Structure formats: C-alpha cells, structure tokens
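Visitor: Sequences listed follow chains A and B, in order. According to the working numbering, the stretch in the first sequence is residues 1 to 386, in order. According to the working numbering, the stretch in the second sequence is residues 387 to 683, in order.
Quick caveat, the hints were computed from the structure, so don't treat them as lab data. None of the values given here were measured: they were computed from a predicted structure. Hints may be right or wrong, so weigh each one.
Partial list, computed: chain B residues near chain A (C-beta under 7 Å) [stated by the list, open to error]:
1) A466
2) G532
3) T542
4) E595
5) A655
6) G656
Glycine included, every Cβ here is placed at the ideal spot set by N, Cα and C.
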Amino acid sequence: MKLHEYQAKEMLRLSGIETPVGVVAHTADEVETLLRQMNITRGLVKAQVLTGGRGKAGGVKFFESVAQAREITDSMLQTTLVTKQTGPSGELISKVLLEQPVEISQEFYLAILIDRAKSCPTMFVSSEGGVEFDEVAEKFPDKILTIALCEEPDFRALARQINKVFRLDKETFENLVDLLEKLNHAFIENDCTLLEINPLALCVENGRLLPLDCKVNIDSNARFRQKQWSACFNNELNEHEQTAAKYGLKYIKLDGNVGCMVNGAGLAMATMDTILANGHAPANFLDVGGSASEEAVTQALKIITSDPNVKSILINIFGGILKCDIIARGIVNAVKRTGVKLPLVVRLEGTHKEEGLQIIKDSGLAITRVDSLAEGARLAGAAVED
Amino acid sequence: MSVLVNKDTVLMTQGITGKAGLFHSIKCRDYGTQLVGGVTPGKGGQVVEGFKVFDSVQECKEETHANATMIFVPPPIAAAAIIEAIDAEIPLIVAITEGIPVHDMIKVKRCLYLSDSVLIGPNSPGIVTPNQAKIGIAPGNIFKPGKIGVVSRSGTLTYEAVYQTTLNGLGQTTAIGIGGDPVHGITFVDVLELFRDDPDTEGIILIGEIGGVDEVKAAEFIADEIKVPVVGFIAGVSAPAGKRMGHAGAIIEGKGTSAGAKIKALTEAGVTIAPDATLIGELMLDRINARQKYGMR
Chain A
1 MKLHEYQAKE MLRLSGIETP VGVVAHTADE VETLLRQMNI TRGLVKAQVL TGGRGKAGGV
61 KFFESVAQAR EITDSMLQTT LVTKQTGPSG ELISKVLLEQ PVEISQEFYL AILIDRAKSC
121 PTMFVSSEGG VEFDEVAEKF PDKILTIALC EEPDFRALAR QINKVFRLDK ETFENLVDLL
181 EKLNHAFIEN DCTLLEINPL ALCVENGRLL PLDCKVNIDS NARFRQKQWS ACFNNELNEH
241 EQTAAKYGLK YIKLDGNVGC MVNGAGLAMA TMDTILANGH APANFLDVGG SASEEAVTQA
301 LKIITSDPNV KSILINIFGG ILKCDIIARG IVNAVKRTGV KLPLVVRLEG THKEEGLQII
361 KDSGLAITRV DSLAEGARLA GAAVED
Chain B
387 MSVLVNKDTV LMTQGITGKA GLFHSIKCRD YGTQLVGGVT PGKGGQVVEG FKVFDSVQEC
447 KEETHANATM IFVPPPIAAA AIIEAIDAEI PLIVAITEGI PVHDMIKVKR CLYLSDSVLI
507 GPNSPGIVTP NQAKIGIAPG NIFKPGKIGV VSRSGTLTYE AVYQTTLNGL GQTTAIGIGG
567 DPVHGITFVD VLELFRDDPD TEGIILIGEI GGVDEVKAAE FIADEIKVPV VGFIAGVSAP
627 AGKRMGHAGA IIEGKGTSAG AKIKALTEAG VTIAPDATLI GELMLDRINA RQKYGMR
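Okay, chain A solo, but in the shape it has when bound (with noise of 0.2 Å):
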C-alpha cells in the first residue's frame, strides 16, 4: 500500500524527522488561505500521485506568487498526470502539496526496503540523489552502497559506512546518526516495505539533512495494527477494488475485455496469461478464495460486470474440497440472481467435474463448458468479438 508525498512526510515527522514546510491544497481557492497561514510566498506546487516519474511529466512546479500558486494548482487539480510508470491511462491529481523552497548544497539518495532473499531490511544509499534510482543503478552501479540492517543495528557504525559516500562535515555527522536512528525507527513501526527518500538533501542554512521527497510502501498485511493509516489503505484502490476487498475477493481491475474468476492467486495469473497467449486481454485480475463459494461467486459477478469494457467472462475453479458439484450449483445460482447476459465460458477441474458440468448443462443457461483452459481462452476471447 502506498503512501502518497504528503502522507509519507507527516509519517517522518511523527518520528522526529524534519521536513520542509508544506500544506496540501484540495482546491485552488483554498491555496491563498493555506500559504498565508504558513506564511509561504515562494516554492512548489507538486502533484499528489502515487507514481514515479512526476517531476518529468509536469507534476512538479515553481511558483514566485501566491497568485501564481493558485493558477499552477487550478491548472493541475482534477487532470490525469501521465507519466512513464503510468501507462496511457494516466493518474488524476486530487491534491497538491504547496512546500517553502529549501537552498541546498548536495542531494543524496537514501532508501530502506525489505530484502527478500536475506529477510531483512536493507539500506541503500548513493551520492547520486535527485536522479530515478533504476537511472543511478543503471549508470552508476559501483555508486550504490548496500548494507543490511541487523535487529539492533549500530547507528554510528552505520553512519561512518555512509559517509564514505557521502561525506558529510563533522557536525552534519551528527545529523546522519541521529536520522537514521530515526528512519529505521519509522521504517519498522509503520510496518513499511518501502522507504525511499530521492533526494536527501543537504541544506546551506543549517547544514541539516532534509528529504524533499519521499516514497513510503505499507505492508497491507499489518493493516490490523496501522489504524493511523487506515484511510490511506485504500489509496490505490477504486471503488470496484474496494467493494470486492469487502468480500474478501481480490479484485484488480486491467485494460482488457475478457473477464476472469478464479480460486487462488497463483491460478487467477495463469488464466490471465492463457487469456493473453491467446491473443486477447484478460480485463481483471479476481480470486473468489479457495472455497468459490456461491456467495463469493455472486459478488464477484457483479464485480466483473460492473466494468463496461467487459465483453465475456471466463470461470475457471479447481475443486478440491469444496467439490465441483456444489460450486456449480453456486455459479449457476449465481449467474440467475446477478442475471448476467454476456457469454459465459465455465472450466471446472477436480473433485466430482463431471457432476459438476452435468448440473451447468442441466441449468439450461447458455453457459459455454470447456476441459482446457487454453479452450477457455480463445472461446471467451472469440465471444468478444462476436
């Protein structure tokens, strides 16, 4: 789950990390308001979205007036923001952050994620801030320092390490132990799987280390205990998302016309990518659980046809303990009371399937029974055109 600028910094700050002075704008009406409060007159509108690549598309700008801090924001509120992370489709900016310039002398790249091959939090750093990190560690590989972070790591320790890149003066040291104390602090409590901040930047008034921007990923799976974050677990989803992690369905909605349901993740991707090597678009990701419970498969239904894009629905379920038969009586219960139209193609494989595609054809609806899943594929790919 991602954190969005602004949401990331006030993360920082209830840590006891600095960051520069700011306010988030919903409208540009409010923005004189805002910067008279925090007595700002100068600095950067920057977009809220939750992608890369914002500064090069147009979502970060300067503005020398506060008449011009409103006409930048009323210029970026409510369009998409494309960017190369993107895609096409773009991001719609709902919000701004409005920050007081900061004069600096360096920028650093700082960032802590979670290695998986070493299960542990691991730190990486670089002289090369203010760049796309994927652009440094193209360029410049033998600029990256890598350290794993211990339990209970030695801050001081850590920071001599740094220094070597970053080599900072004796009493900006200082600031170095003392934020990274900070941020493995924040990175742990938070339950981040991601905290980057690009750049790190050294200022020439106080010869304070400050983060100008900062990227935080939340491990969903800790959403019980990270109620302060709670509003923002939905960030990154749509209403449909939203409606089917209610269900404890996963839901994720794709570009494609062929829409797909599936029990479990790992067989919901491979339909996917039958549905694509067939030459079509699968229109969304969806697993309905191990069960398919008829319950789970009405949702889930309902879902799937909410989004206009879809053209024909391909159902592949394995029955293992929820035996084939009783999930096709839930689908076809299901396809009755959600009275979906679109054509409908219905793999079943497992435990009693032919009890199961006897009751599909019993139910005298136009269900399309197959044995492959590459079958399935180009019969549902096939009904979108039709």
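Mind docking chain B on chain A? Use the hints.
Guide: Relative to chain A, chain B alone:
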C-alpha cells in the same frame, strides 16, 4: 520414498479449536495422517472431535511426541505461534496462515537461523506424501503415490499439477507448497535438494510466479545438481509491473523478478516450461518417457 513427511509423521495443530483449524485437522486425520492433538492457549484439557487440546506446544509435544505442527493461528499472532514451535524444537513447522505482516516474518526468520526446525510457508497449502501423510488444506483425493516431486508457490496451481500427474498415472512422491509470501521458510532450492536426494523422485515439477528471485536461484541449482527431468510453470506473464496479484510476494519489483526473466533462466537450465498451466502433467509425462526411451535428461 518421500521428503519431509511420511507415515511416521506425528502431527499437532496450533489453533485447533478455530473453525479452519478444526475442519482441516479432521480432513488430515481422515486422510490417514497421525494427528494426535492440538494447541489453543487457555483451552488446555478440552477434547474437540476426539483431539486432545493443550495450552502450549511444549506440553502437547511432551505428551504426544508430535514431530510436526501445522499452524492455523490468525495473522496478528501467527508469528508468535511459529516462534513457540521453534522454541519447542518441533522439527517440521507448516504455516498455513495467510496475511502475516512481513516484519513479523523477519523476526521468525531470525529465530529460525538459530534452530534446526524446518518451516514451510507461511501462506502455504501444506505438504502431502500420498497415502502416508497430509499436512494442510490440499484436497487429499487428488493425490496418488508415484514418482513426481511437486514444489510450488501457489495453492490451486499445485492442485492442478498434482491432479494432472494423478490422471496420467505418474503420481507424486511428495508435493510441497512453499507459500506465496515474500519472506518465507523453505525455498525452492531447499526442496530441490531434498528431491535430488530422494531416489524415488524421477521427475520434478516447479511452479513459480512473478516477484523475488527464488526461481532464478532454483534455475542455477537445477543446472548444477538435478539429474532428473524438470517441468516448470511461471504465473504472471500478463501481470502489470508494481501491482500486487493476490499473493504478497507476487509483485514485480526489479530485474530477475519478472515472469520472462524466470522463464529464461529456467529454460537455460534445461527445464521444460509449460506454456499453459493445464499442460504441466502432459509435458512431465513426455519428458519421463523420453528419458526412458533415449536415456536423456
């Protein structure tokens, strides 16, 4: 032969009085697994569905001599349950629970380094040695004793592969779901090592997905160490980068973690990649037959 579990496996369930824990404990016992009891703190002394309930893993182990545990404890306290099993020196710990915070799993891994316990999962469907022992939530009736070792990060895809090899007569030595979480216990390489040393495993099916680099490491190990045919399947070719596809581990975050990179590494290691999940069993049969006919790997 088999790996990790067999007819001598003596199993307990942590979280046995919960709905899922009890349901699957009954299913495992019905399959023939020696399930001797379970743990739910505060409910020690009770008997549910014929299972003796204990307050702690240590007590349950002392009285029942269990050498394996399966964990159905809810996510907020699941890591503590795994650590309790590690402390009690249970040799095999199978964590079924889905949704354990990754920071909790980091703590679990730090405890595991100091112990001899093997952890399968979390977010695992379990492990089955056909007709000997079933631990976890896999449907027992799709298995058949035989010669294929199955290792997978996904539940239902494991069932697909298992059922296909049951229908075509190959059968399985042992099937293991290592779980879909980013930080987990036993890895592909660990399981491949076990299958390598099992004389009855004549072929291996490996089912991976996007995210992490476990499959790439598996490819290196296969190239160097595995002498039997391997068929692979990688889910997530169509997944958009950065989106989480159900499994917390299934997210493309960098080089070597995409489906394409994994398929390339495995293919170069001599693994036959199934273009479609429904072809896994058929391709395995082809490889086994070719090996018998021409003596090729």
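Visitor: When the structure is checked against the list of hints, which entries are broken? Sort them ascending.
Guide: 1, 2, 5 and 6
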